[in-house]
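There are 2 protein chains.
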Amino acid sequence: MSETYTASITAPVNIATLKYWGKRDTSLNLPTNSSISVTLDQSDLKTTTSAMTCSSFTKDRLWLNGEEDLQLSESKRLTQVLANLRLKRKEKEAKDASLTKISSWFIHIVSINNFPTAAGLASSAAGFAALVACVAKLLQLDDDMTELSKIARQGSGSACRSLFGGFVAWEMGEKSDGSDSKAVEVAPLEHWPQMKACVLVACADKKDVSSTSGMQLTVKTSDLFQKRITEVVPERFEQMKKSIMDRDFELFAELTMKDSNSFHATCLDSYPPIFYMNDTSRKVVRLVHTINAFYGRTIVAYTFDAGPNAVLYYLEENEEKLMSFIYAMFKDLSGWESKYNGEQLSKFLKNFEEQKLLDTLSLDMDIVKGCSRVILTRVGPGPLDTDDVLINQEGLPKFTK
Amino acid sequence: MSETYTASITAPVNIATLKYWGKRDTSLNLPTNSSISVTLDQSDLKTTTSAMTCSSFTKDRLWLNGEEDLQLSESKRLTQVLANLRLKRKEKEAKDASLTKISSWFIHIVSINNFPTAAGLASSAAGFAALVACVAKLLQLDDDMTELSKIARQGSGSACRSLFGGFVAWEMGEKSDGSDSKAVEVAPLEHWPQMKACVLVACADKKDVSSTSGMQLTVKTSDLFQKRITEVVPERFEQMKKSIMDRDFELFAELTMKDSNSFHATCLDSYPPIFYMNDTSRKVVRLVHTINAFYGRTIVAYTFDAGPNAVLYYLEENEEKLMSFIYAMFKDLSGWESKYNGEQLSKFLKNFEEQKLLDTLSLDMDIVKGCSRVILTRVGPGPLDTDDVLINQEGLPKFTK
Chain G
1 MSETYTASIT APVNIATLKY WGKRDTSLNL PTNSSISVTL DQSDLKTTTS AMTCSSFTKD
61 RLWLNGEEDL QLSESKRLTQ VLANLRLKRK EKEAKDASLT KISSWFIHIV SINNFPTAAG
121 LASSAAGFAA LVACVAKLLQ LDDDMTELSK IARQGSGSAC RSLFGGFVAW EMGEKSDGSD
181 SKAVEVAPLE HWPQMKACVL VACADKKDVS STSGMQLTVK TSDLFQKRIT EVVPERFEQM
241 KKSIMDRDFE LFAELTMKDS NSFHATCLDS YPPIFYMNDT SRKVVRLVHT INAFYGRTIV
301 AYTFDAGPNA VLYYLEENEE KLMSFIYAMF KDLSGWESKY NGEQLSKFLK NFEEQKLLDT
361 LSLDMDIVKG CSRVILTRVG PGPLDTDDVL INQEGLPKFT K
Chain E
1 MSETYTASIT APVNIATLKY WGKRDTSLNL PTNSSISVTL DQSDLKTTTS AMTCSSFTKD
61 RLWLNGEEDL QLSESKRLTQ VLANLRLKRK EKEAKDASLT KISSWFIHIV SINNFPTAAG
121 LASSAAGFAA LVACVAKLLQ LDDDMTELSK IARQGSGSAC RSLFGGFVAW EMGEKSDGSD
181 SKAVEVAPLE HWPQMKACVL VACADKKDVS STSGMQLTVK TSDLFQKRIT EVVPERFEQM
241 KKSIMDRDFE LFAELTMKDS NSFHATCLDS YPPIFYMNDT SRKVVRLVHT INAFYGRTIV
301 AYTFDAGPNA VLYYLEENEE KLMSFIYAMF KDLSGWESKY NGEQLSKFLK NFEEQKLLDT
361 LSLDMDIVKG CSRVILTRVG PGPLDTDDVL INQEGLPKFT K
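These protein sequences, in sequence, are chains G and E.
Once you know that position 373 of the first sequence is 373 in UniProt numbering, the rest is easy, because the numbers rise by one and skip nothing.
Once you know that position 339 of the second sequence is 339 in UniProt numbering, the rest is easy, because the numbers rise by one and skip nothing.
Calculated directly from the structure, the hints in this document are not laboratory data.
Remember, it's a predicted structure, so these values are computed and weren't measured experimentally.
Using N, Cα and C, we set each Cβ at its ideal position, and we do this for glycine too.
A couple of the hints might just be wrong.
Covered by chain E, according to a simulated footprint, are these stretches of chain G (three or more residues, beta-carbon under 8 angstroms) [unchecked claim]:
id : segment
1  : 224-232
2  : 261-267
3  : 279-285
Which residues of chain E face chain G? A partial, calculated answer using Cβ under 7 angstroms [said to hold, decoys possible]:
id : residue
4  : Val-232
5  : Asn-261
6  : Ala-265
7  : Tyr-271
8  : Pro-273
9  : Asn-278
10 : Asp-279
11 : His-289
All chains, full assembly: derive it from the sequences and hints.
Here it is as structure tokens:
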């Protein structure tokens, strides 16, 4: 058999707190505004990707979750991403004649998510980040993550932010070739490791429109959108970075909630209007404001991507306060036992019963019916090396469906 | 018994097609933007009001739907409205000494809606329009409706538009005393009598926030709101008036839908966000766009006020096209038999079955579950004299609960 190279990596999901919505260039995935996200812990949500290259391979191939994805394999965005990575390898080979010219070989890629793709949890972001980081490792590139983020961005815009851990900004840039549209670290995981997240996965409704076509409809038709991208977001971008640097949770939370609402407002202002939040999402919004009002300060923030799932951000120090509501209301969902023992869960319930006695609440206990599971996680690191090799020596997936 | 004067009148509901949302002066009900509405036919939706004044009455009293409303009787807005009307009478009395000085007498007012107040159908607009028109008649004022609209506006902003039939604009004005914030006729009923309306009354959810406090929250907190009132609405106001003058339904419909969406977008952009549309409202939005796409042109428009009810506007010539969908999907609701005979209803169903065969549709037939009734109506006249006297000779309601 011919010589082969193999690399494996894991990459995280990120959930934006300042939303990416709108492209100024659809081919290069150049956004109309900068965005910010929190990278989530890979022990809860991750994509694992292995890549192999071999002189005898006859084409680039890609397997997602055990099945070959011919459509993505032949897509413009994957082709573009691989071409960009190979170009970097080629430049390296040109400088160092001792290097094997693997830039001309085909690549097999095997990728698996440890969470349901259908859950609407930014799987394409983690997927393209893993792919770019993995192939960069395979091709032994020396580029830093910011440089690679410009390539990942072309696969899936928000993928660029999954190349960093902690708190990440995607600077929109202004150049037409996209060379300044890149991800940078706002603060590493270690800066604010107390940041936790609780994902309330909503029962899958039919999605209104894909985010790719949805965002361009907004760009084209929303009268309010220009205000968002030219005034609202630029100011919020600076404020949110500062709130992270200052570890000012109340400000961070308020900006996060406002930006989620602003993004969904421009969706609603599109024509025809786009709806991603449903009645359950609305109930979660109300619940969060009720909880914050109950405690007299902002201990939790909601944010919604292009779907009805709620992501709640909160600090570890307020976990009991928050979970005394959330566990009591969502206890029938799966996802609790892996994080809390029986004693903790009983404590949450007991607190809730005591709080209800205060009679300040009018909670909609039916809210749980619109949700399918809870995912408890926290801020986490960027792509990591892994010993978990998904590809066998023939360059085929070890596990298939 | 002392001398009495009595007057009775009916007034219509109006549903805005360019929304009023936001006050620049909460005491005088001066709006942040101009608005436009269609007045609905009183044979379907109306408020009937009788008023009596008598030198022996000891205070102003008000009965709504058979019950005395002490709160409203003593409210600032009612006091203000009656004081303004009495002032006009007083000026008249000062000029003509032969007039009885009824401006100093107390007034009893009895008012009944022929539709459920709780249905969220702008009952306060019809109510205050009827009250102002009725008391103006009682006091034999000579002012025209535009002049009276400045008084009705102080009772309930949108009430000013219910003083005219047909197509009505509320010009926001710019003076701080409100003397130029008034309703004017854009076009009378006779200009475009083919305009019909179908109200899909949604199952009453708990209202998020009252429109009075909701709109001020938007003014105070929405970043996108300024764009709406300074740029979007002023342009749309002129376009919509033109579309009415030109009887250009497609343009009128598109502007109506966009403005409803824009208004709800600024609600969502408020903090905390305000939601008036629910999942059923969203389904109606989708259905309307599906119907228009099916016919390849805009034959129907939706609009939503501060609640989940949908009001659909359409032209009589497209009634069969529209009802072939709407009746088929909402046939289990009450409200059909009073407007259509069995033959017509069968025709609608038959058309629908044939259309479904085309298989271009993915309709959510469950949509009906979120609705409680349908109200079929059309554009109608402004306040009308009536022989229906609701007050007895003692100045008390003829009918009580």
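A quick look at each hint next to the structure:
Counting residues of the segment 224-232 of chain G whose CB lies closer than 8 angstroms to any CB of chain E gives 6, which reaches the minimum of 3, so the coverage claim holds. Residues of the segment 261-267 of chain G with a Cβ under 8 angstroms from some Cβ of chain E number 5, which satisfies the need for three, so the listed coverage holds. A stretch counts as covered by a chain when three or more of its residues have a beta carbon under 8 angstroms from one of that chain; for the segment 279-285 of chain G and chain E the count is 3, and the coverage holds. Interface restraint check: E/Val-232 against chain G, minimum CB-CB distance 5 angstroms, threshold 7 angstroms, status holds.
Using the Cβ-Cβ criterion of 7 angstroms, the hint placing E/Asn-261 at the interface with chain G is satisfied: the shortest such distance is roughly 5 angstroms. Evaluation of the E/Ala-265 hint against chain G yields a held restraint, the C-beta minimum of about 4 angstroms falling below 7 angstroms. Because the beta carbon of E/Tyr-271 sits about 6 angstroms from the nearest beta carbon in chain G, less than 7 angstroms, this interface hint is met. At about 5 angstroms, the closest approach between the beta carbon of E/Pro-273 and any beta carbon in chain G falls short of 7 angstroms, and the interface hint on this residue holds.
The closest approach between the C-beta of E/Asn-278 and any C-beta of chain G is roughly 6 angstroms, which is under the 7 angstroms cut-off, so the hint is satisfied. Among the interface hints, the one on E/Asp-279 holds; its C-beta lies about 5 angstroms from the nearest C-beta in chain G, closer than the 7 angstroms criterion. A least Cβ separation of about 4 angstroms between E/His-289 and chain G falls short of the 7 angstroms threshold, and the interface hint therefore holds.
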